[in-house]
Amino acid sequence: MLLGEQQELPFAERFAQTQASSQFQQSRFYRELIPDRQPNPGEQLAFQVNLDACTGCKACVSACHSLNGLDEDETWRDVGLLIGHDPETPYQQHITTACHHCVDPACLNGCPVLAYEKDPVTGIVRHLDDQCIGCQYCVLTCPYDVPKYSEKRGIVRKCDMCFNRLARDEAPACVQACPSGAITIQIVSLNSVVAATAENERLVPGTFKSSYTRPTTAYVSRKPIPENARPIDQSRLRLEPPHWPLIVMLVLTQMATGLVVTTGALTFSDQTGFKMIIGSASLAICTMLAAGLAASILHLGRPLGAWRAWLGLRTSWMSREIVAFGGFFGLALALTIVAWLPPRSALFDPSVQPNLLIQGTRITAVVGILSIACSAMIYIDTQRPFWAWPQVLPKFFGSVIVTGLIGGALLTVCHKELVVLSTRLLTAGLAAFLLLAVWELVGSLYALHRKQHLLRAANKIIWFRLTHLAYLRITSVALVTALGLLINRLPAGFQFWLTLSIGILSSGWILGERYIFFVSSVAPRMPGGVAP
Amino acid sequence: MKQLKEKVTRWIQQKDGPQTQDLVLRPGKFGLGQIPARLEPDDTTTLICGYCSTGCGLKAHLRKGEAINLSADPDYPVNLGMACPKGWEALAPLRANDRATTPLLRDKASGRSESIDWERALILFCERLKELKRTYGPESVAFLSTGQIVTEEMAFLGTLFKFGMGFLHCDSNTRQCMATSHVAYKQSFGFDAPPYTYADFEQSDVLIFVGSNPCIAHPIMWQRVTQNPRNPTIIVIDPRKTETAMAATVHLPIQPKSDLMLLYGLAKILVEQGWINRPYIRSHTEGFDQFASFLETFSLSGIAATSGISAAQLRRIAKLIHQGQRVSFWWTMGVNQGHEATRTAQAIINLALMTGNIGRPGTGANSITGQCNAMGSRLFANVTSMLGGHDFASAKDRAKIARLLQIDESAIPTQHSWSYDRIIEGVKEGKIKALWVIATNSAHSWVNHDDLKRAFRKLDFLVVQDMFTTTETAELADLILPAAGWGEKDGTFINSERRIGLVKKVARAPGLALSDFKIFRLIAHYWGCGLQFSRWSSPEAVFELLKGASRGQPCDISGIESYAHLDRSGGIQWPYRPDESLDNNERRLFANGKFFTSNQRARFLFAKPVAPPEIPDAEFPLWLLSGRGTSSQWHTQSRTAKSDVLRKLYPEHPYVELNPADAKELGIDSGDQITVSTRRGSLSALAFVASTVGRGSIFLPMHYPEVNRLTAPVFDPHSGQPSYKACAARIERA
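So the sequences go chain by chain: A and B. Sequential numbering of the first sequence, starting at 11, is according to the numbering used here. Sequential numbering of the second sequence, starting at 2, is according to the numbering used here.
There may be inaccurate statements among the hints.
Cut-off 30 Å, straight-line C-alpha distance, at most; resulting in silico cross-link-like pairs (BS3-like, lysine-lysine) [as the list claims (entries may be wrong)]:
(1) A:Lys-158 with B:Lys-16
(2) B:Lys-65 with A:Lys-128
(3) A:Lys-168 with B:Lys-30
(4) B:Lys-8 with A:Lys-168
(5) A:Lys-162 with B:Lys-65
(6) B:Lys-30 with B:Lys-16
(7) B:Lys-397 with B:Lys-609
(8) B:Lys-320 with A:Lys-233
(9) B:Lys-665 with A:Lys-470
(10) A:Lys-128 with B:Lys-8
(11) B:Lys-3 with A:Lys-128
Okay, the calculated beta carbon distance ranges per label pair [to be verified]:
(12) A:Thr-325 with B:Trp-12: 17 to 23 Å
(13) A:Gln-17 with B:Arg-404: 34 to 40 Å
(14) A:Glu-82 with B:Trp-12: 28 to 34 Å
(15) B:Glu-430 with A:Gln-17: 56 to 62 Å
(16) B:Pro-579 with A:Lys-233: 16 to 22 Å
In short, the hints are calculated from the structure, not lab data. Glycine is no exception: its CB is placed at the ideal position from the N, C-alpha and C atoms.
This is chain B alone, in the form it adopts within the complex:
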């Protein structure tokens, strides 16, 4: 009877069944907690995330070697069990239905694409490029690559293109994000060497973020800040009240592009007050006296007027820097993407040097990198620097690399490659006839890209090697080479804190798609230089070569035994020489005050601030600022737009933030459709009235394809990096 009653109750109120079972959790084993029973893995492995430079360890839940789910790795020293939404959703773009699955050849006349096999694609590729080389010389073909592929692939590409195929001009999209830091460090420290380790976030008393919004752009680095037990003072220098500015102790809402002036103002106060570390300056730097007298030419009131920050506030900040035992300075794209970016980065470096805030825990002049492997690109892509941070112009370096690669020294060009902007100019001038674009989306991301698209259409031959057929750049291509993506191949990334981490194949590439590595091997074969690359047989074999290339360099990694060594150590930061040990896996540079310059001294570098070439005027009265929209969007969205979850977390259409006072003046309400125009073009966006953007400024998130139609082709003279962050604009109701 009781049983019957229970049965009836169960029938009337069904507490279990297929729908309930669908969500049942079970202990996941493999160090996982409870996980969905239907996604139970038979193994797990850790690989580094392929989005940003934080370099988080992700734990792939595997079934028969294939990833069926992901979680953040609790043991990885970078992210300590956390990940941002992009990391959690890292597998989603691999399953997108616009993946390139076969080589595609587009007929120029009809615009129709035809699937072809690899053999035909690569024979065609080699024939066309060889023909152009014969007719127009080795400067007629260029490539634009990326900070998103593994180091071994970057090295292969740069070496194959320059030493194997005999071309010269090439650059990478790291020009758009990190060139400034690269040049600034190289000039100031003698080598491109971000000195810090993420533990410094946790060990600072005073953290100063300049043009950096880690809460949104690098959430896991911000996590490390929140774990700082010293109750730190956080100062944010940014024209907008960003999430990071909201969380800061002090926010300096500076006038757009007045950062260099403001930083000199802080330096001036520090010198005047004697709040500097004279012994450190004397023993470890050069050029301070010139810098100090240069600072005398500024008046504090002038700096206050330019930056919009009062002299009293500047003094207060200088005092905070002075009082901090451990002061760290952090910068990102707000600095790097400016018209005088290199000097701005160096103004930050100068502050760290003059106060002796470098080489100790919780200190440093620290550039937060953008892409997952921008650092790999900077050191090993064989583009701007030769493999391992060597100099193409140095005979000694050329000889070393020739010996290492067992090639003839004459195969190594002595000339530097053109930078990205120069390559685009070359295309426009008709000097570059063919372009090979690898894993980047220039037609979306480059400044003033209508101009770039016009140039690309003039090319004889545009090859795009990418995961997707639908990027704005792939849509212009004559030939698409289908590439395997992150998670479908092996190799290493180098993150912001110089940590080399492993990426593993945990998914099958769709169709005929091949890893970039394999594509380069095939090209070497079809080009006829396969023999030269016979040792480039696998990513790990190339890693061995790179270890050799790094030997004796500041970025020496010859002590790393193998991929397995990286894997079991939780990544290893460079330098790691054979005599080193990993007692502490959070290592920073310059503890001994010795820099990589010839005299081992860091240099004070500076220049008089100049106004940007384009500033608001009567016709275009507003500053147009651009930057990261949300933490669920990445760059040109070729991957983040492929996840249903991420798509829910950002606005589908472009929006423009404007200050309530400006909105009122223009009669604009939140939700109105408005037109934003600059001298280069216009776009339609939804108005979003917000007090977070200052009066006289508007902000556009960079992820929407129309945004960079508006940005100005202005470049830092030292790094060649475009100034995305500010130009003059006008808005009106659509």
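Bound-form chain A, shown alone:
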């Protein structure tokens, strides 16, 4: 009987206190906190946070969650902490943060499918959830960790400044729920934002330089933030997600490019050799590209939307890369077909075919290089220090050269006539590999030991959080060197196995490097909490 009673829910009904028609009462608390007009041209809406009023209760985070009906573990607002380091003048300041609705939003610029819109009137940066294909590139480009990827949905979602509410003169959830009225919506002039985000300006200490995206949020305080204040999570060595499909894609596309470049180079130096390997080379290139591109599509939260990826060509390196790789693959496929056509095909005049292959390979090689350049630009464009061009270009093109030379050696080693060529390629590949490896290791150790080095955090991760991998890398360099010493010193029958071993080891190295490339890329973000 009691159990039955426990399951009944009649209680609240006895207190039908609220009429369905009753007025929205909360509005009286925030009238002063939102603007009473629309922004004029040259203006937009922006969050303003009064740091003196924000005491870290974090109500804004959960109110945003509940009033926007977010998924159970999804939050669009975060609260982090700045902490002073002078023992004599204690200082702490909570920092509440959501989307900064930037004047020059990196999420929008990078999006390959135009899933972001900057509202022409309010300036609110809106994400079009149904347009999103879940490539997560915006997660990489946003320096404030704003777009949040949902595995379940396969898309990202983010703060939209409750534009629905603002449109009806209602305050955004965080604004109406802040017990001390610390968050307000202001109308700001774009010129003032540009001025406030000049070179070397930052929202708060420890955040990314504002000139990148020109965030509109203003953190205001009567008390200046002390020089020594830092986000408390600044020293934390945080591994970024590895994005395995992208690792696979990068490795395979760089290998394919390497191979097409080597093959293309042969058209200048050794056309006989070229003719002997073009069949297997084109097949290998095509297969690797297909596998790489398939992996990249697997990376999408919603692969069926991949066809839209060209839409962002105007601003997005992701779109450009996808189009470039599309072209690259098309050419490689054509090349393969031509190379594997029976010699006396009805399609071509037999005399045309070699020429077609030669020119085709050269063009494909150029497109391949361009594709890798686009691929590099994807990362360079995020402005993460670890992904700056002096890092990314040598890494990517280094891999292209190493895999191209060693791959070429592997393709030629089976042909008795080409053994000399193969050995030369292998020797060159080995040299390139060692150069690349030494550059990586020495550069990394150098950055690790320079206190102010931009890449110190990334290299701390490399040596302190990825310690096992570090041992593995050093071991594999030693192994490759040892194997290299055997070149020309082994009986002829072993040459293939030697080349293959060096090929596998160097590819393994590159795979490891690409893993490191992602996990130690140290994403800039707003101040975080004490520990995860």
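The hints should help you fit chain B onto chain A, whose structure is shown.
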């Protein structure tokens, strides 16, 4: 053609669709703003939050009577449309997958648990306890309860246990949080009567917070401070630069446990300067002259040396108190959880009395309570005081309550119950054979809890009545009784400002879980005293009884008509006698200067400060301070850890704050794993180097289960409240 173009555009750039619709907002009706369309309610109702003593009104969004979402109630006089993250997430723990859904009996030998039905569970429960009572007497069984269940349930439990089942020893976890305030008020004012109303936050010129960090522990009370239009001076006395200290006008970073000395120092300056209200002292207090001569025994330089606050700074603070027209004093656990806590609270009360800062808007010596219903526990739990703040030792009071409950006066014990620490000692000594733990988590929250766990393992029979099967205490239980939680039952809470508010059932309890109220009814039945409790049929029926018990007491609530009256009024503060009206729903006590003592005068109470029993030494050179970590964590985390959102807002693993200078000396960096040890145990925590904690001190948030392994079993002699706030510790790199 145009249509086709639009269609193509829409296909290429899809601005609407299922994902977009998922976040669409619609006007919520029922006084709500825009809310998610997929969470549109068909009704709403207000209930009081079940976490802290602020007592915020939450608006449950109902669909067919069941809460599907929550928001803060804009009309409730406490929180004015705001809530802290715990309040916003109040529904999440109800859906946790470690809810107790059936009575569980654990086999001692194998350690395996077996689900049983209520009948078997309660027959077993009654048989075991009766047998122990027969063999070892009524002092062999005790209960430890809580400040987290509704008043009606507390009253039922205390009355059933003492008057029905005939046992004696029981206490509640309010011993850990509010016992000091209870005793301090009772001794100084003649009744446990926090005098203030939250409007006082808004009406003060000078607010002094002692050992209190409302920004984090009571964010909604801090909200009221931020709404003060008088540009108040805010003084924070705390060893740490807390969020509240950051927001204050002046922060006094005192040496740990020097608060009593510092407060006497302020009193001394006020007396010496003549900055006291002589007429008020003359008409409404007693014992001032003794207090004044007691103060003469102190030297200001000595006080400055002990507290680490210079004499000049102390004078400045005294002057601010003197200059303020309306000065209010606020304290929380920094005071209550100390080795001389009661006298410290009374030192604050003395400051308010001697300056006449009481009974007027924006004044008062005001204890900010901890748990949502600590105040209900203090007045109606029938544990330390008899129902309605009566005295077990008074024959008159016993007769009154016996008459009210229609029971034989001999059923009421004349003896006081053992306090929490004495009960634990009793378990250790083997005097207590069975323990019934209701909605509290002793094995996490009690000081030096390794010792407590050892004691609990010695019990013949440990019964835990709780929402969850996974609390540290439930894991030791022989029998678990599955309880419905907040939001799954009805009743009332009393908040810090004495406001009685309504809690309502807006969710179904999982499985066989029953409200504590229903469990007590069943126990009364199986024990054979069902008849005695035949009038205890529903929470509202018990509320009627409690109204009767309060009649004529300072906490008289006999003027409250019904639950509906509470509901439509936005809660009602006690006292509320039948002749009163609610023109103003922010009411304070002592406007007429008449206190609840026999001569209606407030008493100056004081004692010579003594050093805490454990202070830093060569072996353990640091002060270990403990306290609230973040506003998204609550006590032992049995509920807050069940919300994905709250979990994001606090660190998963324990961390220890230490000063940069100490860190440098010890070669510790932020993020290092370090070991913290005291004489009782050690734990591993992440170092967090922060200037906010003073040199020579470290701070551990109390929410992690290992923290109270380290704290010291030191108790205030008057209130029996443990001194969580300070003990001696050592740290080293792990």
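Just pull the numbers of the violated hints for me, sorted ascending.
2, 7, 15 and 16
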